[in-house]
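Residue numbers (numbering that gives the first Met the number 0), protein chains in the order written: chain A, 0 to 552; chain B, 0 to 285; chain C, 0 to 342.
The set of hints was computed from the structure by calculation and includes no laboratory data. Every residue gets a Cβ at the ideal spot worked out from N, C-alpha and C, and that includes glycine. Treat the hints with care, since some could be wrong.
Sample of chain A residues with no beta-carbon within 10 Å of chain B, all distances over it, derived [to be verified]:
id : residue
1  : Ser43
2  : Asp312
3  : Gln380
4  : Arg402
5  : Gly446
6  : Glu535
Derived list of chain C stretches under chain A, where covered just means 3 residues or more per stretch with a C-beta under 8 Å from a C-beta of chain A [what the hints assert, rightly or not]:
id : stretch
7  : 234 to 244
8  : 256 to 267
9  : 284 to 291
10 : 323 to 337
To give an idea of the interface, some chain B residues facing chain A are shown, with a C-beta separation under 10 Å as derived from the structure [stated by the list, open to error]:
id : residue
11 : Asp51
12 : Gly175
13 : Val177
14 : Glu178
15 : Cys183
16 : Gly186
17 : Ser189
18 : Ala202
19 : Ala204
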Amino acid sequence: MMSPLLEIDNLGVTFSTRRGLVEALRGVSLSLQSGEMLGLVGESGSGKSVTGFAVTGLLDKAGRITAGRVKFKGQDITRASGAELRNLHGANMAMIFQNPRAALNPIRPVGAQISDAILSHRRLSKQEARAEALKLLHAVQIRDPERRLDAYPHELSGGMCQRVMIAIAISCNPSLLIADEPTTGLDVTTQKVVMDLLARVVAERGMTTILITHDLCLAAHYCRRVVVMEQGRLVEEGAPQTLFRAPQHAYTKRLVASSPTATSRVGDLVPADEALSVLEVKERPTPAPGTPPLLDVQHIVKRFDDGAAAVADFSMTMAAGESVGLVGESGSGKSTTARMICRLIDPSEGDILFDGYSIAKLPARDFHRSSLRKEIQIVFQDPHESLNPRFTAFDCIAHPLLRLTGLRPGDALRSRVEECADRVGLPRELLSRFPHQLSGGQKARIGIARAIACRPRLLVLDEPTAALDVSVQAVVLQLLDRLRREDNLAFLFVSHDLNVVRMMCSRTIVLRAGGIVEQGESLALFTNPQTDYTRELIEAIPHIDSPTSLLPA
Amino acid sequence: MSLTETSSGLRHAVWVLRGNLVTATAAAGAILLALIAIFGPMLVPYDPVASDVPRALQPPSALHWAGTDQLGRDVFSRLIVATRLDLAIAVTAVSVSFVIGAVIGSLCGYVGGKLDRAIGRFVDVLMAFPLFVLAMAMVAALGNRVENIVIATAIINLPFYIRFARAEVNVRRNLGWVEAARACGDGHVSVVLRFLLPNVLPAMAVQMSLNLGWAILNAAGLSFIGLGVKPPTPEWGIMVAEGARFISTGRWWLVSFPGLALMLAVLCFNLLGDGLRDILDPRMRT
Amino acid sequence: MGTIGATLIRAGRRFLSSLPALFGVLVFTFLLMRVLPGDPAVFFASGPSAGKEEIEIVRKQLGLDRSLPEQLGIYLYDVGRGNLGRSMMTGQPVAKDLRQRLPASLELTLTALVIALIAAVPLGVLAALRPNSLIDHGVRLFCSLGVCVPTFVSGLLLIYVFYYLLGLAPDPTGRLDIFASVPPARTGFLMVDFLLAGDFEGWWAAARQLMLPAFTMALFVIAPLARITRASMLVSLGSDFVRTARSIGLSRWQIVVTYALRNAILPVITIAGIVFSTMLGANVLVEKVFSWPGVASYALDALLVSDYAPVQGFVLLMASIFVVVNLLVDVLYGIADPRATVA
């Protein structure tokens with residue numbers, strides 16, 4: 000049997016931080032055969048990226064390998080010197096990183112950067128290196144490569160930058176390629192293109208690859224073996240099919256359950272023993288005929304200063320208690336539409352009727368005085384950003400109550416805030432803490448508690464779980480679903496994640512470049528899309544059931 | 000603003016000071032300076048203005064810790080008394096600058112548009128002048144008096160605060176929690192005054208401390224060239240000016256001691272500014 | 000070729016956008032000087048005891064009997080024609096005085112800037128390359144102290160040490176020994192003129208006179224320049240793209256210089272421009288300490304005898320120089336950073 004290309008033996012890594020020593024990796028052991036593509040999956044704090052950096056010797060200055068060994072091609076490289084590492088880098092092992100535009104030198108043309116990589120390990124003339132760089136740009140399918148050779152990173156899109164990074168990484172034919180979250184931040188269609196390219200390139204050149212990602216479905220789609228990490232430890236490994244169908248470890252079970260797939264349901268997101276108790280859904284009286292819909296958006300348009308339309312002619316209606324999803328890629332205008340409906344910005348044209356009353360005519364800067372302000376509330380995307388750092392959790396939730404319901408500080412206010420905290424599952428002891436003392440999931444709950452405090456009838460959710468770990472997302476989604484059914488809340492759920500939208504919303508609207516491409520009942524739209532764009536979006540989602548066939552058998 | 004107690008703020012301040020020796024020393028130094036400024040003139044051994052010509056130009060000794068100047072006056076006493084004037088000028092100028100600049104800058108940063116552009120032009124014009132030159136010209140135009148040094152220093156400091164506040168507000172204006180405040184029922188003015196300013200003030204307070212040092216140097220420089228303060232008033236800059244003629248004949252104490260005083264005062268405020276940043280940033284609280 | 004064209008367009012646009020500032024400077028200076036206490040006419044007449052008619056005649060000559068906007072118009076017209084008034088002190092047109100004395104100030108300031116950059120940038124880079132080492136702590140300490148010492152104090156102390164104690168420096172008054180001969184004035188810069196005339200002895204004498212004042216001014220700005228270089232270099236070295244460069248296996252020199260330093264130098268260019276402005280201000284102090292015959296000491300002398308035309312001219316000159324310097328810095332930055340837009 001061939002000896003493994005890479006062997007990690009009981010690796011331990013420690014970081015010295017302001018709060019003392021933090022163990023990032025504990026006893027991680029792994030081996031990789033030549034030509035394999037291994038998926039390394041974990042949430043934040045799992046140590047997956049640290050593993051990648053420890054192998055390539057690119058750990059932050061504060062990090063140190065404190066235990067174990069790393070053997071590459073049979074040689075112990077754990078304590079390799081600077082010169083030895085420089086020999087390894089590029090020619091033997093290479094990395095591609097998470098934020099491709101930041102990973103490229105912003106003031107150097109990309110062609111020069113590729114040439115730098117080539118010239119550092121091969122003896123070629125400058126012209127020869129440039130010709131090589133051009134060939135590489137062809138290989139990573141960059142259109143118009145001659146012109147792009149002299150382009151700067153800020154002139155290229157995120158997807159193109161990542162392709163340039165791939166070109167740099169493969170330029171000296173390394174035997175090992177480590178890809179650290181290569182598609183985070185890219186649109187789902189771009190993600191598919193980049194991952195397909197990567198899989199093809201490494202297969203063609205016989206490179207061994209480690210794909211580090213938080214997305215279990217992505218790893219399952221492209222890798223033949225997946226390893227799950229939690230809190231610096233390796234928890235389970237196996238073929239993707241096995242992991243999904245029969246997970247052994249408790250954490251894997253939770254991770255598999257929380258990863259939204261094409262067929263998962265909200266109730267399944269959290270393992271049965273941890274799920275919220277089943278809810279009794281009360282009978283809702285049907286509204287009398289002739290009553291206006293809760294929300295009626297009529298042909299709203301948003302034009303920005305340069306005349307370009309961010310949103311062009313958007314219309315929709317929503318009934319009380321209904322959940323509608325708004326999906327689209329970056330630049331589709333979904334956030335702008337959500338903010339118009341929530342009256343944080345004004346539409347350039349068109350009208351918005353809430354319960355029959357026109358709310359678009361009232362300018363956004365005065366809307367806070369209207370009595371309808373408390374009926375429409377919004378949950379924001381980034382829980383780290385959406386809470387005032389000088390407010391405690393209590394203050395955050397109390398804020399709308401003080402401003403919009405006339406409650407004064409006292410017992411009534413306190414009990415109402417505590418009630419909201421209980422409903423979102425936030426322990427009461429945490430109410431006196433500041434945002435920086437709370438976790439992402441806890442902050443997300445505060446954001447939701449704040450939004451439901453005034454008992455609104457319409458809740459606009461702008462990517463509420465995009466910044467959360469997948470297991471935390473699962474809990475928050477379940478929570479949101481439950482709240483909606485308890486209060487008969489209407490949801491406008493904006494997201495780029497189609498699986499989440501399919502689970503949470505009965506109706507979906509697909510946006511592209513400010514215009515509606517398709518809309519309809521979620522189930523029908525996802526199983527039988529009518530337009531090419533929607534079909535493209537759905538097919539770009541990585542799923543466990545049909546892994547890409549480009550991998551070597 | 001916060002419903003919860005902020006007396007924990009004081010406890011936090013003590014915690015930071017205990018953990019950071021340099022900041023603690025700087026804070027102690029600043030307090031010492033303030034005490035000297037307030038009580039110094041009552042405790043000095045000699046009358047700072049009384050000349051005693053036979054005892055002129057004596058090097059430091061047990062009698063005169065910092066020596067005597069060309070009119071026989073005790074340098075040490077003059078140093079102590081000068082603290083009050085220098086500190087008063089700097090503190091007044093910086094405070095005025097800070098308040099006006101913060102409000103104008105915040106409004107510009109939040110509202111944008113025509114107001115922002117107009118103020119921006121005004122700031123550009125002010126900053127086109129080398130600042131010391133501008134101060135010089137202003138004091139010359141307004142009259143050679145101490146009050147005008149304060150006004151000139153305040154005006155030339157203004158652009159920094161305006162730009163700083165504007166930039167800080169600009170960054171925060173689009174943050175999630177500002178939008179959330181509006182969704183929770185706050186109008187624009189309320190958002191600026193109740194939320195943005197308090198979040199901007201800590202960073203600006205750091206600037207203020209750093210500016211204090213600079214204002215002291217500025218005032219001293221203006222009096223060195225003969226503006227504002229007139230003899231026999233003791234002031235660090237003017238003491239250096241009077242002692243300058245004697246340096247090439249080796250009488251170093253006339254220049255060194257006021258220079259040392261200036262340096263220590265500015266150093267204190269600079270280090271304090273760095274320390275303030277740690278205290279006032281709520282993210283540093285455990 | 001495209002980049003040169005783009006640079007020129009950018010320079011042109013920046014110049015146009017700096018015109019309002021220049022105009023503002025002119026108006027501001029005008030207003031400043033018109034707020035003078037007392038009646039300027041009295042000063043320009045033969046003295047405080049002059050008769051009323053004489054004062055009226057002088058007032059008419061100075062145009063002080065016209066309305067303020069009219070005065071502004073006349074003022075702008077005069078400045079446009081290069082007429083900055085006449086100095087009482089020297090009896091010459093202010094413009095002529097300034098032109099004669101400007102090279103002295105510029106020589107001093109530019110020499111100081113070069114010295115400061117040569118010292119500060121390597122120090123900052125070294126400190127960033129070896130964080131928490133002795134040299135890092137040394138640089139940081141030096142920077143903390145450096146911004147605290149006033150220029151006039153450091154200048155005087157330097158005189159004390161190098162002239163009085165060590166005897167190395169020449170008598171710290173003026174640009175040249177009164178007994179030395181001045182070279183034919185081609186540029187006005189003594190360093191250049193002496194070289195052009197082939198007079199090496201004279202060149203050395205002038206250089207020795209220049210050293211102490213230039214060092215004093217340089218000391219004043221080494222601290223902020225070193226500080227920004229160090230901070231900028233630290234950011235650069237910790238950035239993602241340097242990590243990428245390491246992951247490719249580039250040589251240490253390439254990583255530090257081509258990748259890290261070239262990016263780190265960008266903020267330093269901006270700060271150097273701002274620092275130049277403070278140097279123009281510090282000119283006043285240094286020229287006074289060393290009796291350097293530049294424009295600043297000229298203006299200062301005029302100020303103290305209530306001769307205001309030179310002060311006005313000086314302020315205008317300094318502001319204009321600064322606007323030009325800002326323009327140059329901007330253009331330089333645009334060349335160095337391809338992300339800077341042409342707008």
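Worksheet item: Can you name, in rising order, the numbers of the hints this structure does not satisfy?
Response: 3, 4, 5, 9, 11, 18, 19
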